[in-house]
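K.L.:
The residues making up each chain are set out below.
There are 2 protein chains.
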Amino acid sequence: MAMSTMIHNHLPAIPHTGVNRNKLVARAHQEAPVVDHPINGTKASKRAARLAESLSNLLHLHVEPPQRREVMKHYSSWDSFGDDEKHSTPTMSPKQMISDKWREIHGCTDWDSLLDPLHPCLRREILKYGEFAQATYDAFDFDPFSEYCGSCRFNSNKIFEKLGLDGKHGYKVCKYIYAMSHIDMPQWLNRTVHLGDTWSRDSNWMGFVAISDEEETRRIGRRDIVVAWRGTVAPSEWYEDFQRKLEPIGPGDDAKVEHGFHSIYTSKSEHTRYSKSSASEQVMKEVTRLVKLYKEKGEEVSLTITGHSLGGALALLNAYEAATTIPGLPISVISFGAPRVGNIAFRDQLHQMGVKTLRVVVKQDLVPKMPGVVFNEGLQKFDEITGTLDWVYTHVGAELRLDVRSSPYLKHGFNLLGFHSQETYLHLVDGFVCQSSSFREDARRDVALVNKACDMLVDELRIPHCWYQMENKGLVRNAHGRWVKPKREAEDVPVPVGSQPNFHALDKIVESRRLQPVYV
Amino acid sequence: MAMSTMIHNHLPAIPHTGVNRNKLVARAHQEAPVVDHPINGTKASKRAARLAESLSNLLHLHVEPPQRREVMKHYSSWDSFGDDEKHSTPTMSPKQMISDKWREIHGCTDWDSLLDPLHPCLRREILKYGEFAQATYDAFDFDPFSEYCGSCRFNSNKIFEKLGLDGKHGYKVCKYIYAMSHIDMPQWLNRTVHLGDTWSRDSNWMGFVAISDEEETRRIGRRDIVVAWRGTVAPSEWYEDFQRKLEPIGPGDDAKVEHGFHSIYTSKSEHTRYSKSSASEQVMKEVTRLVKLYKEKGEEVSLTITGHSLGGALALLNAYEAATTIPGLPISVISFGAPRVGNIAFRDQLHQMGVKTLRVVVKQDLVPKMPGVVFNEGLQKFDEITGTLDWVYTHVGAELRLDVRSSPYLKHGFNLLGFHSQETYLHLVDGFVCQSSSFREDARRDVALVNKACDMLVDELRIPHCWYQMENKGLVRNAHGRWVKPKREAEDVPVPVGSQPNFHALDKIVESRRLQPVYV
Numbered sequence: 001m002a003m004s005t006m007i008h009n010h011l012p013a014i015p016h017t018g019v020n021r022n023k024l025v026a027r028a029h030q031e032a033p034v035v036d037h038p039i040n041g042t043k044a045s046k047r048a049a050r051l052a053e054s055l056s057n058l059l060h061l062h063v064e065p066p067q068r069r070e071v072m073k074h075y076s077s078w079d080s081f082g083d084d085e086k087h088s089t090p091t092m093s094p095k096q097m098i099s100d101k102w103r104e105i106h107g108c109t110d111w112d113s114l115l116d117p118l119h120p121c122l123r124r125e126i127l128k129y130g131e132f133a134q135a136t137y138d139a140f141d142f143d144p145f146s147e148y149c150g151s152c153r154f155n156s157n158k159i160f161e162k163l164g165l166d167g168k169h170g171y172k173v174c175k176y177i178y179a180m181s182h183i184d185m186p187q188w189l190n191r192t193v194h195l196g197d198t199w200s201r202d203s204n205w206m207g208f209v210a211i212s213d214e215e216e217t218r219r220i221g222r223r224d225i226v227v228a229w230r231g232t233v234a235p236s237e238w239y240e241d242f243q244r245k246l247e248p249i250g251p252g253d254d255a256k257v258e259h260g261f262h263s264i265y266t267s268k269s270e271h272t273r274y275s276k277s278s279a280s281e282q283v284m285k286e287v288t289r290l291v292k293l294y295k296e297k298g299e300e301v302s303l304t305i306t307g308h309s310l311g312g313a314l315a316l317l318n319a320y321e322a323a324t325t326i327p328g329l330p331i332s333v334i335s336f337g338a339p340r341v342g343n344i345a346f347r348d349q350l351h352q353m354g355v356k357t358l359r360v361v362v363k364q365d366l367v368p369k370m371p372g373v374v375f376n377e378g379l380q381k382f383d384e385i386t387g388t389l390d391w392v393y394t395h396v397g398a399e400l401r402l403d404v405r406s407s408p409y410l411k412h413g414f415n416l417l418g419f420h421s422q423e424t425y426l427h428l429v430d431g432f433v434c435q436s437s438s439f440r441e442d443a444r445r446d447v448a449l450v451n452k453a454c455d456m457l458v459d460e461l462r463i464p465h466c467w468y469q470m471e472n473k474g475l476v477r478n479a480h481g482r483w484v485k486p487k488r489e490a491e492d493v494p495v496p497v498g499s500q501p502n503f504h505a506l507d508k509i510v511e512s513r514r515l516q517p518v519y520v
Numbered sequence: 001m002a003m004s005t006m007i008h009n010h011l012p013a014i015p016h017t018g019v020n021r022n023k024l025v026a027r028a029h030q031e032a033p034v035v036d037h038p039i040n041g042t043k044a045s046k047r048a049a050r051l052a053e054s055l056s057n058l059l060h061l062h063v064e065p066p067q068r069r070e071v072m073k074h075y076s077s078w079d080s081f082g083d084d085e086k087h088s089t090p091t092m093s094p095k096q097m098i099s100d101k102w103r104e105i106h107g108c109t110d111w112d113s114l115l116d117p118l119h120p121c122l123r124r125e126i127l128k129y130g131e132f133a134q135a136t137y138d139a140f141d142f143d144p145f146s147e148y149c150g151s152c153r154f155n156s157n158k159i160f161e162k163l164g165l166d167g168k169h170g171y172k173v174c175k176y177i178y179a180m181s182h183i184d185m186p187q188w189l190n191r192t193v194h195l196g197d198t199w200s201r202d203s204n205w206m207g208f209v210a211i212s213d214e215e216e217t218r219r220i221g222r223r224d225i226v227v228a229w230r231g232t233v234a235p236s237e238w239y240e241d242f243q244r245k246l247e248p249i250g251p252g253d254d255a256k257v258e259h260g261f262h263s264i265y266t267s268k269s270e271h272t273r274y275s276k277s278s279a280s281e282q283v284m285k286e287v288t289r290l291v292k293l294y295k296e297k298g299e300e301v302s303l304t305i306t307g308h309s310l311g312g313a314l315a316l317l318n319a320y321e322a323a324t325t326i327p328g329l330p331i332s333v334i335s336f337g338a339p340r341v342g343n344i345a346f347r348d349q350l351h352q353m354g355v356k357t358l359r360v361v362v363k364q365d366l367v368p369k370m371p372g373v374v375f376n377e378g379l380q381k382f383d384e385i386t387g388t389l390d391w392v393y394t395h396v397g398a399e400l401r402l403d404v405r406s407s408p409y410l411k412h413g414f415n416l417l418g419f420h421s422q423e424t425y426l427h428l429v430d431g432f433v434c435q436s437s438s439f440r441e442d443a444r445r446d447v448a449l450v451n452k453a454c455d456m457l458v459d460e461l462r463i464p465h466c467w468y469q470m471e472n473k474g475l476v477r478n479a480h481g482r483w484v485k486p487k488r489e490a491e492d493v494p495v496p497v498g499s500q501p502n503f504h505a506l507d508k509i510v511e512s513r514r515l516q517p518v519y520v
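Protein chains in written order, with UniProt numbering: chain A, 1 to 520; chain B, 1 to 520.
You can trust all of the hints, since none of them are fake.
When chains are identical, the list treats them as one kind, so a pair holds in a single copy or across two.
Capping the alpha-carbon separation at 27 Å, the derived lysine-lysine pairs in DSS-like fashion look like this: (1) K175 x K162; (2) K162 x K487; (3) K369 x K411; (4) K162 x K473; (5) K473 x K158; (6) K487 x K473; (7) K158 x K292; (8) K158 x K487; (9) K276 x K158; (10) K276 x K245; (11) K168 x K297; (12) K297 x K95.
Source of the hints: derived by calculation from the structure; they are not laboratory data.
Fair warning: this is a prediction, and the values are worked out from it, not measured in the lab.
Model the full structure from these sequences, guided by the hints.
P.N.:
This is the structure we're talking about:
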């Protein structure tokens, strides 16, 4: 309590800068008028109309007329949004020195009285960590026809540069983390017996460990180690999450966590190239090394673990292990749209060890209701299956609750994918002032990012949906005019943990097995 | 008859180079084994499974395991297809001199005995014209959020270069054709009163007129004028096609054509910038000019009109008008997947005027069955509605019939879009030997092209589906890190018919009205 008051003192009060939300929402909800179908009348003509409709799908891409809405005067009528002035501003609020209050911002008082209203310095830190979580998606190779499917598209030295994050946040990636994927990888992989040698059909890139540079370290008052966990991609990873089995974690048998998450975090196999050690072992080895390195230099060190969706669940398991292994280290978890992970005892142990957790949750997002949506609310005859109450999954820590309807830039209609998207989360964090106010007028984060992989922005903004895509899905025309997949640059080919990069040897493997329609 | 024999004499017989199709098809039809669902058993767990399934959609892009198939040994096991040798060959058979037999190839004998087996020289010409038809899709601006939606993305001087067709076919574009679009353009266009001044909400780019260069003219034995018509894009254009009303065309009242097609071909309005003259007037003016120009030079001149889907229908109307207007000009139509256009009298008049029509038709494609599928086969009580028989739509000319199942590269499962795709047509033409043989072994056209805008290639080829796409849908990051749509290069901004390009003035219009999130 005393602590909380103290924070409030040296963190100045935040003005409520939001404008009247209701008015905007009311405008935004005006729907497109129903257009009369050009063909109507007889039964036969109705059949023709139906046929025409289904045939319109034949006709390559078709132009979908966006819904008609009123201009949202305060924010984003196209004319004002197209304004050069608006487009010339940086996409982040300026960095502020937080070296004297980093412990509070890092959660040492459970963010008490920093969340509503949201303190600007905390907002900026949440966005920083959230963009690290987003980076694990942006850099991931999703292409099922790529021989590197499931890896990171860039090596650890240039990932931030490639994603435009170099210089922005002042961190450097030290280590990549891999985990057993449990993916049913494309079947053709089985045809070539040794394809596993080149990349792995057993492992997926799951994130990275990064460290703050000198300048950022000065600004934030300590050397900050970040672990960013990637969320789920393949359905099989997700099914694994639904084994409906809590299993013990830690020294006692009280704390229990969901089996699927725990399995991804701890699985390993001698028969793989990237998962001879588990994700848990990889990450803890690197974190322990970094803590030791900087503590020996006399620096203050913190650990911040972040992740979206499944990544948020893994972050919590990671935090539990780190707190057990490295007592006294300030550890925080900033998770976005994460499902519940364990039981009440798990939560209590995390509390006791001093792990601070800030769960950023969009009210309309379904994933944070999981597995609880199945096992807490959804199941009528819950006891018949489980018998005891310590099977109940529970959430951990403080919550920053966001509402899609607070943003005048977003469509508010049901959108399973859009509500869960990490870019939606980051947009809403950027605009959040307090629970009773609406979107921040001076929010600066680029709104276009929201539509990267979904269709959430109102049409007036004229940002295409799902626009984050490679030119021709990576195919290029060779000298003969044929469309081929170029070889990945040698330095971006994943290299097994522990081995030295040997680009020449890898090239030879690729070449001799003709894994790709390679043309040089 | 005598003519047909003569052709056979100086066009040598074609060896049947196809391999046994049945064997390949049998292999290709082996299906992926059914994978057991990880969750099964109780009712509750089934609900969980369903939830998991629907939630897997939440998880960004997901990896779809391709179907398992046997390697297709003769063609495209990945290893042999990845072979450098195969990837180093040109994507077209070498050009042959056809100056002494161009009239037969152009259809003067209705391609009698040239189609089954397909004569290699004719195949090459069909592919040339088919690629012009495809170019009208590849260059079209489909982006509903673009202020140039419905225009050609490139100006006429560089369209072929941008599409990799410069030098390949030896033609030069002389003129773009626009038509009234009848499109319900995105509603936001209405907000800015004068947006119509910059680009047009009334008109769509519908294709081009091109002319053979000196070298190609020597090879093909005459100066060839090509008109390529774009197919349908917007559903509203297609609905228009279904007004189920034949209307008279030409001097008598006997010949009748479908109202929708005719309307697109002939509509104009003083209130538009691009359709003050109709597509008909634009194209006939240019063709007449070119015919006059080269006839006065003493050259032989031909007119070849091509188009896919709706474009094929417009090609036929165009041919009818050209034959009426310019008697004695050799006129051919090469259409791909075109619907029926008119009645029997229309067909007969085309015959009488000497218009030659080669309809390339994929057996599985639905569009060539239209509007017939509604009015000939589909409707039981046909007479009740129409009363007379001259309402019956009918096809015109010779037919080259292709079968999706002839190609071992293609998936054979039902695929409305894939069966109709022009790239599928071109692939099948390239592989066609004769009706009783299977895919040509020495077909050279790049197979990857088939998947440009659909998902028709077997997974072993590892070509992504719908891969023809712009990087980030045209968004680029400006100096501040914001994602914005760059202005189109001034020379690629559409310029109204008859006016001189005035890039500076156009720039000013764009600038002052802030139509785009422009950042320079």
